[in-house]
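Undergrad: Listed in order, the protein sequences are those of chains A and B.
Counting with this note's numbering, you get residues 1 to 667 for the letters of the first sequence.
Counting with this note's numbering, you get residues 1 to 222 for the letters of the second sequence.
No wet-lab data here; the hints were simulated from the structure.
Please read all numbers here as calculations on a predicted model, not as lab measurements.
One thing to keep in mind: the hints can contain errors.
Said to hold, decoys possible - Straight-line alpha carbon distances no greater than 20 Å define the calculated DMTMM-like cross-link-like pairs of lysine to aspartate or glutamate that follow:
id	chain 1	residue 1	chain 2	residue 2
1	A	388	A	159
2	A	134	B	39
3	A	183	B	146
4	B	77	A	401
5	A	134	B	7
6	A	528	A	660
7	A	186	B	7
8	A	444	A	508
9	A	218	A	158
10	A	74	A	29
11	A	388	B	146
12	B	77	A	250
13	A	217	A	195
14	A	388	A	195
15	A	389	B	7
16	A	128	B	3
17	A	183	B	9
18	A	128	A	159
19	A	183	B	7
20	B	103	B	146
21	B	77	A	635
22	B	133	A	159
23	A	186	A	660
24	A	134	B	80
25	A	275	A	250
26	A	388	B	3
27	A	218	A	560
To be verified - Calculated Cβ distances over 10 Å to all of chain B for the following chain A residues:
id	residue
28	9
29	165
30	288
As the list claims (entries may be wrong) - Listed next, with one range per pair, are the computed distances between beta-carbon atoms:
id	chain 1	residue 1	chain 2	residue 2	range
31	A	126	B	139	36 to 42 Å
32	A	69	B	133	33 to 39 Å
33	B	14	A	90	38 to 44 Å
34	A	66	B	135	46 to 52 Å
35	A	662	B	18	23 to 29 Å
Glycine included, C-beta positions come from ideal geometry on N, C-alpha and C.
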Amino acid sequence: MPKVTVDGVELEVPQGATVLQACELAGKEIPRFCYHERLSIAGNCRMCLVEVAPGPPKPQASCALPATDGQVIKTDSPMVKAAREGVMEFLLINHPLDCPICDQGGECDLQDQSVAYGRGASRFHEEKRAVTEKYMGPLIKTTMTRCIQCTRCVRFSEEVAGVDEIGALYRGENMQITTYLEKAAKHELSANVIDLCPVGALTSGPYAFEARPWELKKTLSIDVSDALGSNIRLDSRGREVLRILPRINDDVNEEWLSDKGRYMVDGLTRRRLDKPWLRRDGKLVAATWDEAFAAVAKINPGSSVAVVAGDMVDCETMFAAKALAGALGSTQLEGRQTGLDYDCSSLAAVNFNSGFAGIEEADALLIVGSHVRWEAAVLNARLRKVAKKGGKVFLIGPEWETTFPATFLGTDLSVLGNLPKEAADTFAKAERPALIMGGAALGKGALDACLAFAAANRLVKDGWNGFNVLHMAAARMGGLMLGYAQKGGIADLVAAKPKMLISLGADEVDYTRFADSMIVYIGHHGDKGAHAADVILPAAAFSEKPGAYVNTEGRVQFADKAVFAPGDAREDWTILRAMADALGVTVGFDSFDQLRAAMIAAVPALGREGLAEYGALPKGKAGISGSIEAYPIKDFYLTNAIARASETMQRCSAELLHGETFAEAAE
Amino acid sequence: MADRHLEADTPELRARWGGFSFAPAWEAKAKTAIAKYPDGRQRSAVMALLDFAQRQVGEETGTQGWLPIPVMEYVAKYLDMPIIRVVEVASFYTMYNLVPVGKFHVQVCGTTPCMLRGSDDILAACKKRGMHKGHTTDDGMWTLTEVECMGNCSSAPMVQINDGNYEDLTVDRFDAVLDALAAGQTPKEGTQDPARHTVEPVGALSTLQAMVSENHDYRGEW
Chain A
1 MPKVTVDGVE
11 LEVPQGATVL
21 QACELAGKEI
31 PRFCYHERLS
41 IAGNCRMCLV
51 EVAPGPPKPQ
61 ASCALPATDG
71 QVIKTDSPMV
81 KAAREGVMEF
91 LLINHPLDCP
101 ICDQGGECDL
111 QDQSVAYGRG
121 ASRFHEEKRA
131 VTEKYMGPLI
141 KTTMTRCIQC
151 TRCVRFSEEV
161 AGVDEIGALY
171 RGENMQITTY
181 LEKAAKHELS
191 ANVIDLCPVG
201 ALTSGPYAFE
211 ARPWELKKTL
221 SIDVSDALGS
231 NIRLDSRGRE
241 VLRILPRIND
251 DVNEEWLSDK
261 GRYMVDGLTR
271 RRLDKPWLRR
281 DGKLVAATWD
291 EAFAAVAKIN
301 PGSSVAVVAG
311 DMVDCETMFA
321 AKALAGALGS
331 TQLEGRQTGL
341 DYDCSSLAAV
351 NFNSGFAGIE
361 EADALLIVGS
371 HVRWEAAVLN
381 ARLRKVAKKG
391 GKVFLIGPEW
401 ETTFPATFLG
411 TDLSVLGNLP
421 KEAADTFAKA
431 ERPALIMGGA
441 ALGKGALDAC
451 LAFAAANRLV
461 KDGWNGFNVL
471 HMAAARMGGL
481 MLGYAQKGGI
491 ADLVAAKPKM
501 LISLGADEVD
511 YTRFADSMIV
521 YIGHHGDKGA
531 HAADVILPAA
541 AFSEKPGAYV
551 NTEGRVQFAD
561 KAVFAPGDAR
571 EDWTILRAMA
581 DALGVTVGFD
591 SFDQLRAAMI
601 AAVPALGREG
611 LAEYGALPKG
621 KAGISGSIEA
631 YPIKDFYLTN
641 AIARASETMQ
651 RCSAELLHGE
661 TFAEAAE
Chain B
1 MADRHLEADT
11 PELRARWGGF
21 SFAPAWEAKA
31 KTAIAKYPDG
41 RQRSAVMALL
51 DFAQRQVGEE
61 TGTQGWLPIP
71 VMEYVAKYLD
81 MPIIRVVEVA
91 SFYTMYNLVP
101 VGKFHVQVCG
111 TTPCMLRGSD
121 DILAACKKRG
131 MHKGHTTDDG
141 MWTLTEVECM
151 GNCSSAPMVQ
161 INDGNYEDLT
171 VDRFDAVLDA
181 LAAGQTPKEG
191 TQDPARHTVE
201 PVGALSTLQA
211 MVSENHDYRG
221 EW
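All chains, please: the whole structure from these sequences, using the hints.
TA: In structure tokens form, the structure reads like this:
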């Protein structure tokens with residue numbers, strides 16, 4: 001533990017810390033552009049200069065200098081001040097003064113730091129350098145003249161995303177950041193370079209010229225585009241959410257967010273259900289709420305009710321629907337829309353037990369039937385860390401382009417009981433072996449075999465649980481905790497032939513199997529579910545209601561409400577509460593607070609933020625045949641109703657996955 | 001250098017160079033270069049391989065050679081490394097030509113010692129022959145580039161033409177070299193000063209005179 005002195009204050013810093021980190025520990029702000037906690041050290045912006053003794057009598061780049069015992073660091077000496085002013089002046093030589101038309105304005109590192117550490121005026125009278133625009137795909141808007149060559153984007157795509165596609169060409173003053181031959185950045189985390197860019201060189205394409213940061217109301221929320229529960233911030237103005245940004249949570253998403261979670265935001269204002277609709281003579285016609293509830297009352301299902309929950313609903317909505325069904329005398333609840341029927345008697349068996357942060361510690365990893373890049377893009381960055389640390393990764397399933405060294409063991413599931421030699425040796429030697437099973441494996445009934453694999457390969461030991469199930473729906477774990485699982489899956493609901501099927505934004509269900517049921521769709525988008533519905537009750541999207549979500553590692557997280565639902569749409573729970581009146585039953589809550597309290601009383605784990613406890617892992621039964629022919633997700637950008645309504649996501653799908661070309665709009 | 005750019009990725013370029021692969025002689029050199037580095041570090045050989053590829057292209061086109069995009073892609077694949085990393089290297093070092101060059105790539109040093117010794121005159125002589133910086137003459141013979149120090153300051157001014165250095169130039173001597181090259185001859189490389197063998201002093205010694213016949217310790221005289 002080296003002892004250093006920062007501006008006269010002596011403190012101990014951890015072994016291996018840099019001078020910059022030591023200064024931060026001492027509470028000193030060190031300006032920087034190229035340094036980023038989650039990226040390798042580049043040391044090329046020179047903004048973090050400090051005075052260090054012993055050492056050469058000149059300013060030193062603190063980000064790349066190890067802190068050693070007895071160092072005396074000065075961050076406020078005249079030399080440091082002059083050095084910072086000098087570096088800032090050099091950086092601004094070629095940086096255009098176009099802040100008024102730059103989207104980064106107001107949240108720009110260069111702007112802030114030039115105010116704090118710059119000279120305030122330029123002595124540069126020569127011509128500035130200009131750089132031609134580079135195309136980086138539909139999400140990233142570039143203005144490369146603004147680039148200060150910090151190379152954060154280059155390091156991100158190489159180190160975190162694992163897709164080497166951005167590079168710095170040419171040299172010196174002519175250095176330019178670009179993708180190879182200006183092809184679009186093609187990976188699921190590409191838009192994170194926008195957050196990383198300290199200046200306005202890489203800005204958000206779909207959000208271009210929409211708003212200034214200081215106009216936006218910031219609401220803390222949870223991403224519902226996959227089951228990771230990435231922590232996000234909704235930036236809204238008036239009644240519209242304008243953009244989604246990741247929040248830092250080292251346990252969940254670090255500070256990354258998948259492109260889908262970030263850019264499906266424009267889907268929140270398109271194809272919305274903003275008034276009730278009723279099916280009359282086979283056609284949907286607009287109605288009032290009174291007419292809609294009268295229609296619900298007319299169904300008069302008695303106890304012949306079933307509820308199917310969609311992938312993006314919050315726990316409160318599911319609990320309210322459960323309460324309504326319960327009041328009517330039914331327990332037919334299901335959330336696994338596509339017909340999965342794995343055993344849910346122990347939630348530990350269907351949980352991501354290692355945790356996202358924990359999985360990084362694995363030294364041998366078997367992925368069974370999961371296209372992780374598409375099913376959990378942010379988690380894929382963690383798996384890359386496993387491989388970078390020397391962990392061996394094996395996969396069972398059709399091949400996909402991994403971003404880390406990995407070995408595919410074929411598609412045959414029987415490999416689970418009979419690993420090839422290399423994999424078997426790796427697992428035999430592994431200290432912390434782990435397994436991740438995805439939706440494709442669950443669909444093939446491989447849960448028992450995977451549990452048996454866990455027992456055979458000592459996946460669970462003191463302080464380590466390597467058995468993981470990776471879900472794809474934000475509502476899945478919450479739904480399972482609330483009992484949205486029948487023994488036979490959704491087939492049980494079909495067999496029960498309910499008179500009324502309440503669909504909570506369920507868009508992936510095959511509704512032809514419910515031809516005899518009256519389908520009441522409570523959802524927010526005019527998507528597949530609404531097309532099949534007999535009564536449509538417009539509800540709120542995730543951004544328009546508070547709610548609890550449980551991610552695939554069993555982490556309970558709460559989201560806040562950013563804006564109001566459009567038109568006549570209401571928060572889901574109020575609709576279910578009103579339906580109870582229409583159907584003449586009581587559900588026991590009149591306000592959201594009462595609803596949440598009732599939910600927590602029923603399932604206490606949902607009241608505590610953090611990981612829920614699911615008990616010990618059950619034993620499995622070895623022996624499985626069959627093979628994984630395909631993954632459930634066919635199109636990463638269009639997996640849910642909001643994304644399908646989003647023009648940005650449609651364009652990403654067309655351009656990045658289906659190879660269509662789009663002409664650039666003339667400016 | 002501001003003019004450096006990648007040759008456009010056109011179907012014609014793909015048709016011409018898409019099938020590029022190392023000829024056996026260059027392949028052997030490439031294997032040797034890769035073998036200098038530990039297993040798994042084969043990409044360290046990227047600079048050598050780019051040079052070999054450029055020289056092979058040179059042999060095929062009768063010039064110093066250059067690096068078309070398909071050739072860089074071939075090198076990237078050969079070394080199992082991302083293509084953007086290869087392009088970064090190729091675009092950084094000015095001795096990799098990113099666009100086609102003429103039969104003779106005239107690289108005039110314009111750094112201070114050469115400039116003081118008259119490199120401006122050399123450039124003017126080039127211009128007189130129809131060469132422009134960064135361009136190839138219409139007959140495909142000459143490409144002119146101004147380069148930074150080539151390390152021949154003691155025999156400045158100098159010009160590097162393809163792989164040969166021509167030093168101690170005056171406009172006349174330079175013209176003679178170019179005329180000889182254009183006529184298909186092989187002019188003598190190195191210094192063009194008849195009074196000089198290599199970079200020894202011209203005329204009588206002016207320094208280190210005590211060292212001519214035996215070693216002499218000057219330190220006591222400092």
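Undergrad: Would you mind marking each hint as holding or not holding in the structure?
TA: Hint check:
1. Distance check on the hinted pair: residue 388 of chain A and residue 159 of chain A sit about 9 Å apart at the alpha-carbon level, within 20 Å; holds.
2. At roughly 36 Å between alpha-carbon atoms, residue 134 of chain A and residue 39 of chain B are farther apart than 20 Å, so this suggested pair is violated.
3. Distance hint between residue 183 of chain A and residue 146 of chain B is unfulfilled; the C-alpha atoms sit about 32 Å from each other, more than 20 Å.
4. For the hint pairing residue 77 of chain B with residue 401 of chain A, the CA-to-CA distance comes to about 17 Å; that is within 20 Å, so the pair holds.
5. Between residue 134 of chain A and residue 7 of chain B, the direct Cα distance comes to roughly 16 Å. Compliance with the 20 Å bound is thereby established for this hinted pair.
6. A threshold of 20 Å between alpha carbons decides the hint, and for residue 528 of chain A with residue 660 of chain A the separation of about 25 Å lies outside it, so the pair is violated.
7. At most 20 Å may separate the alpha-carbon atoms for a hinted pair to count; residue 186 of chain A and residue 7 of chain B exceed this at roughly 24 Å.
8. For the proposed pair residue 444 of chain A and residue 508 of chain A, the alpha carbon gap of about 18 Å is at most 20 Å, so the pair holds.
9. Proximity of residue 218 of chain A to residue 158 of chain A is assessed by CA-CA distance (about 31 Å); at most 20 Å being required, the pair is judged violated.
10. Our distance criterion of 20 Å between C-alpha atoms is met by residue 74 of chain A and residue 29 of chain A, whose separation comes to about 12 Å.
11. Straight-line distance between C-alpha atoms of residue 388 of chain A and residue 146 of chain B comes to about 44 Å, which puts the hinted pair past the 20 Å bound.
12. Of the pairs offered as hints, the one joining residue 77 of chain B and residue 250 of chain A is violated, with about 36 Å between alpha carbons and a cut-off of 20 Å exceeded.
13. A distance of roughly 18 Å separates the Cα atoms of residue 217 of chain A and residue 195 of chain A; the hinted pair therefore holds under the 20 Å criterion.
14. Proposed proximity of residue 388 of chain A and residue 195 of chain A is contradicted: the alpha carbons are some 24 Å apart, above 20 Å.
15. The hinted pair formed by residue 389 of chain A and residue 7 of chain B fails the criterion: a straight-line CA distance of about 39 Å is larger than 20 Å.
16. For the hint pairing residue 128 of chain A with residue 3 of chain B, the CA-to-CA distance comes to about 16 Å; that is within 20 Å, so the pair holds.
17. Under the criterion of a C-alpha separation no larger than 20 Å, the hint pairing residue 183 of chain A with residue 9 of chain B is consistent with the structure, at around 12 Å.
18. Distance hint between residue 128 of chain A and residue 159 of chain A is unfulfilled; the C-alpha atoms sit about 32 Å from each other, more than 20 Å.
19. A C-alpha spacing of about 16 Å is found between residue 183 of chain A and residue 7 of chain B, which places the hinted pair at or below 20 Å, so the restraint holds.
20. With a C-alpha separation of about 17 Å, the suggested pair residue 103 of chain B and residue 146 of chain B falls inside the 20 Å cut-off, and the hint holds.
21. At roughly 29 Å between alpha-carbon atoms, residue 77 of chain B and residue 635 of chain A are farther apart than 20 Å, so this suggested pair is violated.
22. For a cut-off of 20 Å, the pair hint linking residue 133 of chain B to residue 159 of chain A is broken: about 39 Å separates their Cα positions.
23. Restraint check: the Cα-Cα separation between residue 186 of chain A and residue 660 of chain A comes to about 13 Å, which is no more than 20 Å; the hinted pair holds.
24. Distance check on the hinted pair: residue 134 of chain A and residue 80 of chain B sit about 26 Å apart at the alpha-carbon level, beyond 20 Å; violated.
25. For the given pair, residue 275 of chain A sits about 40 Å from residue 250 of chain A by alpha-carbon distance, which is inconsistent with the 20 Å threshold.
26. Restraint check for residue 388 of chain A and residue 3 of chain B: the C-alpha separation of about 39 Å exceeds 20 Å, so the hint is violated.
27. For the given pair, residue 218 of chain A sits about 10 Å from residue 560 of chain A by alpha-carbon distance, which is consistent with the 20 Å threshold.
28. Non-interface call for residue 9 of chain A relative to chain B: holds, since the shortest CB-CB distance, roughly 42 Å, exceeds 10 Å.
29. Residue placement check: residue 165 of chain A does not keep its beta carbon more than 10 Å from all beta carbons of chain B (closest about 6 Å).
30. No Cβ of chain B approaches the Cβ of residue 288 of chain A within 10 Å, the least distance being about 58 Å, so the stated non-interface status holds.
31. Our hint of 36 to 42 Å for residue 126 of chain A and residue 139 of chain B holds, since their Cβ atoms are close to 38 Å apart.
32. Distance hint check for residue 69 of chain A and residue 133 of chain B: the Cβ-Cβ separation is about 55 Å, which falls outside the suggested range of 33 to 39 Å.
33. Range check, residue 14 of chain B to residue 90 of chain A: Cβ separation about 41 Å, and the 38 to 44 Å hint holds.
34. Distance hint check for residue 66 of chain A and residue 135 of chain B: the Cβ-Cβ separation is about 49 Å, which falls inside the suggested range of 46 to 52 Å.
35. Residue 662 of chain A and residue 18 of chain B have their C-beta atoms about 26 Å apart, which keeps the hinted 23 to 29 Å range intact.
Hints 2, 3, 6, 7, 9, 11, 12, 14, 15, 18, 21, 22, 24, 25, 26, 29, 32 from the earlier list are contradicted by this structure; the remaining hints agree with it.
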